[in-house]
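Top line first, the protein sequences correspond to chains A and B. The working numbering puts the first sequence at residues 1 to 266. The working numbering puts the second sequence at residues 1001 to 1082.
If you are wondering where the hints come from, they were derived from the structure by calculation, not from laboratory data. Warning: the hint list may mix true and false statements.
What the hints assert, rightly or not - In the DMTMM-like style, the derived pairs of lysine to aspartate or glutamate whose C-alpha atoms are separated by at most 25 angstroms in a straight line are:
(1) A:Lys215 / B:Asp1056
(2) A:Lys215 / B:Glu1032
(3) B:Lys1013 / A:Asp2
(4) A:Lys27 / B:Asp1065
Said to hold, decoys possible - Away from chain B, derived, C-beta distances all over 10 angstroms, residues of chain A:
(5) Ser12
(6) Ser68
(7) Val193
Ideal Cβ placement from N, Cα and C applies to all residues, glycine included.
The lines below spell out each chain.
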Amino acid sequence: MDFTEEQLLRYSRHILLPEVGGKGQSKINAARVLMIGAGGLGSPVGYYLAAAGVGKIGIVDDDKVELSNLQRQIAHSMDTLGSYKADSAKATFEALNPDVNVTPIKKRINRDNIFDIMKDYDIVVDGSDNFPTRYLINDACVIEGKPLSSGAILRFEGQVTTIVPGKGHCYRCLFEDPPPPGLVPSCQEAGVVGALPGIIGGFQAMEVLKLILGKGEPLINRLLIYDALKTQFRTVKVRRNPQCPVCGENPSITELPDYTQDVCSI
Amino acid sequence: MSETQVDRKIDIKGLSCPYTFIKAKLAIESMEIGQTLEILLDHKAAINNIPNSMRDHGHTVLSVDQLDDREEWTIRVRKEKD
Chain A
1 MDFTEEQLLR
11 YSRHILLPEV
21 GGKGQSKINA
31 ARVLMIGAGG
41 LGSPVGYYLA
51 AAGVGKIGIV
61 DDDKVELSNL
71 QRQIAHSMDT
81 LGSYKADSAK
91 ATFEALNPDV
101 NVTPIKKRIN
111 RDNIFDIMKD
121 YDIVVDGSDN
131 FPTRYLINDA
141 CVIEGKPLSS
151 GAILRFEGQV
161 TTIVPGKGHC
171 YRCLFEDPPP
181 PGLVPSCQEA
191 GVVGALPGII
201 GGFQAMEVLK
211 LILGKGEPLI
221 NRLLIYDALK
231 TQFRTVKVRR
241 NPQCPVCGEN
251 PSITELPDYT
261 QDVCSI
Chain B
1001 MSETQVDRKI
1011 DIKGLSCPYT
1021 FIKAKLAIES
1031 MEIGQTLEIL
1041 LDHKAAINNI
1051 PNSMRDHGHT
1061 VLSVDQLDDR
1071 EEWTIRVRKE
1081 KD
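Just chain B, same shape as in the assembly (with noise of 0.2 angstroms):
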């Protein structure tokens, strides 16, 4: 896993699209530019879509990351806008 900085982070285990991303993009809205936001997810789709509507709306995925033999992942965003 890379070692940049996480400034909040957010479980959102349980849920599935398009609610996973809502609550991230509310988490992100919340933060300021240039900070780190780490998403805990366990819907295998959201690690396609989650990136891709980041990216749609401006931010940079740093990474996405499977857990050890888990179906459970963290995506690692950092927000460029407002």
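In isolation and in its complexed conformation, chain A is listed as follows (with noise of 0.2 angstroms):
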């Protein structure tokens, strides 16, 4: 693509990156990325993804901006109360970005819609805040072969890991199915520090950042825990599991199951 001068402005600093260059960062603009939830991971992630110039953003959010999460959801603002998450956010990364295109996505995505929803986009980021959500979207990606990224934040600790379906591991080969409702507790219950999606939604933007520009090593294999008290990082390696329900031999889940389980939105 030809850059504009204003574009080679806005660029500059990825175009002078050997790793980026010109043609890296035409990849990263004609990128589509599909967010799951626009709160505390996917204000950073989406921040940092439309700075970056990615072309098109999804993103899925049904719930309207409370008080509560300016604590640590960015992309909102006091201007932005009561309105939906997804036009908020929409808002501040085209304000950022006006090179960035951004669907908001006012629904609650669930096994009848995902599909639909994510066939127009090549990366997906989970930002969501339960675990139905969670292998939701793993299940669905694993399916149709989905690049994923998927960060979790509760009280003082993160984890962050990349699944790209047959290269590696998916979410359920780590845990293969969700807690009993009531087991871990949410952010509503827990708490949350309000840096902390910051930094694991970082990775996250970082991490999608090198799967569109197909350089460096991703979280394949490998889930990063960070203990934000401890200032400590630790990467723990994961195997991709042959009997694993989803991504396995000889998989037992290859239509949607049921995700319904009572959780409270946060």
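Two chains, two separate frames, one set of hints: put the complex together.
Right, dumping it as structure tokens:
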């Protein structure tokens, strides 16, 4: 692609990098990324992907902005209290970079609509806040063969991993089934420190850019765990499970199951 | 001036760093390995910066020449890798 003079200025620090250059920047500008969740994780992921020039970003979220979100969900503001998070995030990201086209999808994602929503995108970002959605996204990405950046945060701890179907593990290789409702507390019950999603979301945005560029070593077959209180990172090796119910050799999940479970949204 | 065959020329007079290198880099990206790019420029700092950056990127700097008594230079670079 030919860059305008404005784009040369905007993306100059990318173009200077041997790993990116004009060709890599063109790949970023042509990329189509679907973010599920415009909350704590979705805010920084979307911010950095928009800044980088990702051409098409879809944001799935049916929640509205509340005051209790603003301690960590930096895409929103006092001005957008009460409006849909997907609309609020679209306005923020497009104000940062007019090259970016953001599609707000004000729906709750479920097994009946996920394939239709995903079909226009190449990479998926999980910034959801509950286990049924996390497993739904994983299973749908494995079945469709779409790369997925998965992040999770609670209290002072965060986790991030990258799932490329066919190349490594999936979320069910790590944890085969969702925990029973009530076992793992939600952010609403247990709290989450405000800067934490910035760190984990930053990793997710970085992983997405690497997937777009085809450079480096994404977190395939690895789970990164961050302990904010101790300021410690651990990277745990994960192996693809040949008996995995969705990505294994004889998968039992070939259609999306019923994920409904009592979840309180955050 | 050396007798190298030049496959592409760009004139980036008036530009300063880092846009001198960005323009040169975009030009060389669009060329084939083994081809030579000639860059005409008038930003003095770039006669060091462009060759350094081109070497960092793995290309070969063939020559840096000043045009007769003018504050203008040509740099020739051979593309070595994509």
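Hints, verified against the model:
no. : hint                 : result
1   : A:Lys215 / B:Asp1056 : 18 angstroms, holds
2   : A:Lys215 / B:Glu1032 : 21 angstroms, holds
3   : B:Lys1013 / A:Asp2   : 20 angstroms, holds
4   : A:Lys27 / B:Asp1065  : 36 angstroms, violated
5   : Ser12                : 6 angstroms, violated
6   : Ser68                : 43 angstroms, holds
7   : Val193               : 38 angstroms, holds
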